[in-house]
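Colleague: Each chain, written out:
Protein chains: 2
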Amino acid sequence: MKPVTKRTLSLLVGLGLGVAVTGTAWSQDTLQDIMKARGLTQKDILAAAKTYTPSGGRDEYIALSSGGQSGQMIVYGIPSMRILKYIGVFTPEPWQGYGFDEESKAVLRQGNILGKEINYGDTHHPAFSETDGDYDGKYVFINDKANPRVAVIDLHDFETKQIVVNPLFKSEHGGAFATPNTEYVIEATQYAAPYDKKYHPLEKFNDEYRGGVTYWKFNKEKGRLEPENSFTLELPPYSQDLSDAGKGPSYGWSFTNSFCTERYVGGIEKGRPPYEAGCSAKDTDFLHVVNWKKAAELVKAGKGTEINGMQVLPMDVSIAEGILFLIPEPKSPHGVDVTPDGTKIIVNGKLDTHMSVYDFAKIQKAIKDKNFEGKDPYGIPIIPIQDVLHLQLEVGLGPLHTQFDSKKCVAYTSLYVDSQIVKWDFCEGKVLDKISIHYNVGHLMTMEGDTVDPDGKYLVSLNKLAIDRFNPVGPLHPQNHQLIDISGDKMELLYDMPLPLGEPHYVAAIKADKLQPEVRYKSGWNSRTDSKSEYAVRAGREKTERTCDDSGKCKVEVFGSLIRSHITPETIEAEVGDEVLIHLTNLERAEDEVHGFAMYGHNVQLSVEPGKTSTARLMATEEGVFPYYCTEFCSALHLEMQGYLLVKPKGYKATVGEGEVGTSYTKADYEKQVKENIATQAVIDEVVGFITSHNYKDFPTVVGLVEDATDQLNFAADAKAKSEAAAAKEDWQNAMLWANQWWQYQVKTADLGLRAKTYLEQNNAKKIK
Amino acid sequence: MKPVTKRTLSLLVGLGLGVAVTGTAWSQDTLQDIMKARGLTQKDILAAAKTYTPSGGRDEYIALSSGGQSGQMIVYGIPSMRILKYIGVFTPEPWQGYGFDEESKAVLRQGNILGKEINYGDTHHPAFSETDGDYDGKYVFINDKANPRVAVIDLHDFETKQIVVNPLFKSEHGGAFATPNTEYVIEATQYAAPYDKKYHPLEKFNDEYRGGVTYWKFNKEKGRLEPENSFTLELPPYSQDLSDAGKGPSYGWSFTNSFCTERYVGGIEKGRPPYEAGCSAKDTDFLHVVNWKKAAELVKAGKGTEINGMQVLPMDVSIAEGILFLIPEPKSPHGVDVTPDGTKIIVNGKLDTHMSVYDFAKIQKAIKDKNFEGKDPYGIPIIPIQDVLHLQLEVGLGPLHTQFDSKKCVAYTSLYVDSQIVKWDFCEGKVLDKISIHYNVGHLMTMEGDTVDPDGKYLVSLNKLAIDRFNPVGPLHPQNHQLIDISGDKMELLYDMPLPLGEPHYVAAIKADKLQPEVRYKSGWNSRTDSKSEYAVRAGREKTERTCDDSGKCKVEVFGSLIRSHITPETIEAEVGDEVLIHLTNLERAEDEVHGFAMYGHNVQLSVEPGKTSTARLMATEEGVFPYYCTEFCSALHLEMQGYLLVKPKGYKATVGEGEVGTSYTKADYEKQVKENIATQAVIDEVVGFITSHNYKDFPTVVGLVEDATDQLNFAADAKAKSEAAAAKEDWQNAMLWANQWWQYQVKTADLGLRAKTYLEQNNAKKIK
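First to last, the sequence lines map onto chains A and B. So for the first sequence, UniProt numbering puts the first residue at 1; every next one is plus one. So for the second sequence, UniProt numbering puts the first residue at 1; every next one is plus one.
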């Protein structure tokens, strides 16, 4: 064994280490042994086989889940139940740089309320954009219950693009729901409040407090909501709850249920019974039936009133124009769900034990016949429930939400108090099956189960309590989403999935192949506006400018870049008081080659995906030395991807000249490095030979790696040229360093080549001529 | 079918619905069918069987993972690879109320730097607290690379309790590492910077820039780090990297490696070769060998110098006292790992292809013999590598980190460039096995693999790139942690786990039964200080106080409570300009009965676990009506858990008197409700009969449910008494409402009872006399 200092450190070694990477250790294990050791039943093994997804496997469905109070959205795969991403929506999230780079701040800060930064949301109901009542895979919308807002997430990059603030509501719950062609995104109030921003005593609740439903206009072309083309229906101060849009025969209508139509005002601190008692005292509440298509026309025709910049259709107009009706619905309902064919509306009466199935044709007939049993205190006509019901069916305790199967007439309803899912026939009124869940299910979700064409197959039970299901992790438990196989006659529990962050309220799942996300941006891209960034740079054009205005305020503006494995620039100089803007473009083309950018003491953290341009802004309030570096482990030389922001005292004059710091190199050092590089190139050539002698073009992953490797080799050639130019001038210091840089690019090339070679070996690539 | 309005809505129905909850649908599926349909191999089925964990099952190990740039920690189970929790550490996280309630803000804001709020961290290396070199399951420490800080997380509730800021460093990487009895937590610089807060030009790098290692004193009794008893070793401006503490024979020593001992200063923007070239030009860097036990004594003896409030041991003192030595180590190493028996130190030379195994006894001999080959530019003695090496072994390209097996002499090393894990014998110097991972592994981790007593069994490969492993979710990919079975001779890949948020740097896994987390707090508990909160209230003692000081500044202070399903108070009144403090105690005892608290427009979001007291603080800057509500779906009446903050104009005088709003109730309403309640009680009695006639005391989950149900029944009795008192006064409004509240508590009781009954049925409880 020779000491390492005496040895040439060549890439050649290691490549030749012929240890087989596939083994046979498991011949010693049988399935029976494992089952015995782990206490698994046969049923467990079947469930495992139905959910386990091997390395590189794909999930059939992608679920977009609310993240509850985390203010985020959660993306997971079904049936593997593996979480793929948390998307920053209403809450700043540093891994994504969301709320840290200026581009995403511009989105997040659209959500300010009363001039205040709100740094969370209580996300509730995701809604996919739809075309002809089916998910089209382009966008997903999510609402914030706490601070009535709706966000738009683009599914081509899974980033939040827009946040709109409801200028009237102070609380909402029933959103987001899309109309069948995403004409509108529906958002309804929860707790009534005055539309204006003034104080009104609770004694004026009946007169001054209001509910409502907002229809946010969506521009599919631009992928943005248009507040100027949106409108709100004024509604009584009931607690409006969930909504659903009609489809097929009921297209153009929407349905919004409610609770606390008692209009009870609590005050337990004054000895009054609490809200929970007063808001659930009556046996029925009201389903709101709205003709949104006609409402939109009325607004267009100037029948609306502008309040806080939003067009509002007053109740008296809606009543006079015949676009708003109420139907009694069982006690404190939660979900309202339109059947896939659009002919029926199902209401889940939380404190009733029945499902109520309303017939849309009967509703239309009652409206046509003016068959009303009276009016509510605000003059809205009430349609008699018995004349519009298709059927009611007793299903259990605490029915909350319903979703649909691919099988005709089959629905699934969550039973909160029973901790069960009930499968039933809404045409015939028959309970078909029940399964216990763990514990206390809120929403449930079947695959594309709220579209015109549900897929069936799987159901996810969004349980509100986990209690003993998982290893304990303190007083705050994870949530538990249980995956249930609904392909057969009987429901079967497949998997318990803990949710580690946030309490998801509702989830929607889309067939995975409807999504076509990108893996990179066009070079120099502002991902939040989806346009070329004015701060983009190309390689070699990086620059730093310091400009001062007449008042003496100065700005340092960096147009920089990120690439394996260096940041350009490696030094940024500023003076105390300067504003510093750092625009960074990721020059990579390779999939997953993300670079980050963090800096000491300035709350700076960017995530710059391939092609993206991001901006960090800081005020240089203190003199000092502030290291920065790449926060995504991007390459072998990742730790060396560093630099310094140097903030000098105002008006600082240098007293030392430029000089060399650290180690010096000789001609011998240079020559040793060159020798190493030539040896390394031989290895690369060998790997390249292996790849090109196989049908690598049949493997998209390998094609991507080869493209990337080619880029790296071009960089190596550039560094080699610099090295040779320095050597020609006998500048051995720079000759050696550039030679080392040339080797660094060779290492990156080898990394890619080896990954490609292994991939081809593991995927049985064929030798070609 | 009767219309719902005419029907008594009784809890009785639903209970009798005897649909079997276990089915036999799967008899139609065979394992072969599923394998064929999903394209699974026999090997996949074995892997599935080794990882699948059925509902209620437990994981054998709990992993505490860095959350990378998310600034959080991640908790997951092994072998199920399910993520159980994200813990807020350096980043505010609203689901946990972390950085939103005043109690956690007090922890988070300990991490301010230069007076600035830093709202993220780049977490790197979790370290469990240790006793005798083994994990004791009490605490975990995590560092922040971007803003040198260390946080303490208490494993009894998985909450962050303390953050300390390093007053000298501007960058670190090599932390946290615990000494064998958690005497100290080690944190080393990464990018050198001046210790002071002043600007120093890079030309002064050699003289003014410094590295260092801080030894943070940990008080095990108090569970807190003690800055006043901590100290830092001044080191040269190399990029110090990872550390490990000696154990057994090497106890009292610690080892810190480094890269860029070239002390290269980049400047690609000026045409200089980048850091990556200059920092990897030499064939060797330096392993720092430190006698920390003696260093601590020297500091105690007054040999230190205080800088920014931290005791610093200057290099000349360390050299003179013989506590600091350097040993050459192969090119740009990453990890340094002490063997379980403490006799050897393994260095992973990132740009070398060899593992270098140093012998601690030989190091001690060299020191004793003053066998030095020279000094570094700062006068630190250099021990000749060839005299202290046990062996070197060629293992592959890009070795980064090493962990240990339960089998003697067996280690596993990550090979970044090769995208492989190598299993090798560090006593004999033999490669035993290799396995390919996907792709480019950074850290790796075996079960308790860095303790004196590793468990073997599983290995997790923390890959830095996922590329094509999962369904695509845009340009920013999840990370991929691959679970590998290391119980046999050959390593076998079991599972690919996407990390949906943050890029974990290192993970440590502890045997699950070493953790004994609580599921509730003592009533009225400040979880961040771990002491009784001064703002705690007991049920019935809630109050709101408004006080003004002499300057006319007023404060509204609420001492409130949360319980299924109401917030006390339900109205909070304030005037514009008031400071509002809302202290809320969760009165629940039941496991997982968390309540949240969100309010419109004020960035208020609390998570109040059973027993906890949390405080929201806001400034009432605007008049208006601000709804608040519970954000955790806690019960059937969760949506009705609401209230209003009413902010009146300054000096507002009421013009309306108190009056009833909404629905009125009659004697008939009251009597109908009472009838319903009596029927409901009969159901409850029946369920109670079922439970008590079975051996429910053998099931801790059920015992918890029964305790909780008993609480709810007591509340019901209280509401019943109030109802009857109102009825006696012929106050039918309140009689009806309190009767409804009595029923609400019955519903909560039934919910619990039904869960308990189902649990007993599903777990084959036995009938007793």
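You may find that some hints are simply not true.
Here are some chain A residues the structure puts well away from chain B; computed CB gaps all over 12 Å [what the hints assert, rightly or not]:
#: 1; residue: 48
#: 2; residue: 121
#: 3; residue: 369
#: 4; residue: 623
#: 5; residue: 648
#: 6; residue: 752
#: 7; residue: 769
Okay, the calculated bits of chain A under chain B, using three or more residues with CB under 8 Å as the criterion [claimed, not checked]:
#: 8; region: 218-226
#: 9; region: 244-252
#: 10; region: 268-276
#: 11; region: 466-476
Simulated from the structure, these hints should not be mistaken for laboratory data. Virtual Cβ for every residue (Gly too), placed ideally from N, Cα, C.
Colleague: Of the numbered hints stated earlier in the document, which are not met by this structure?
Modeller: 1, 2, 4, 5, 6, 8, 9
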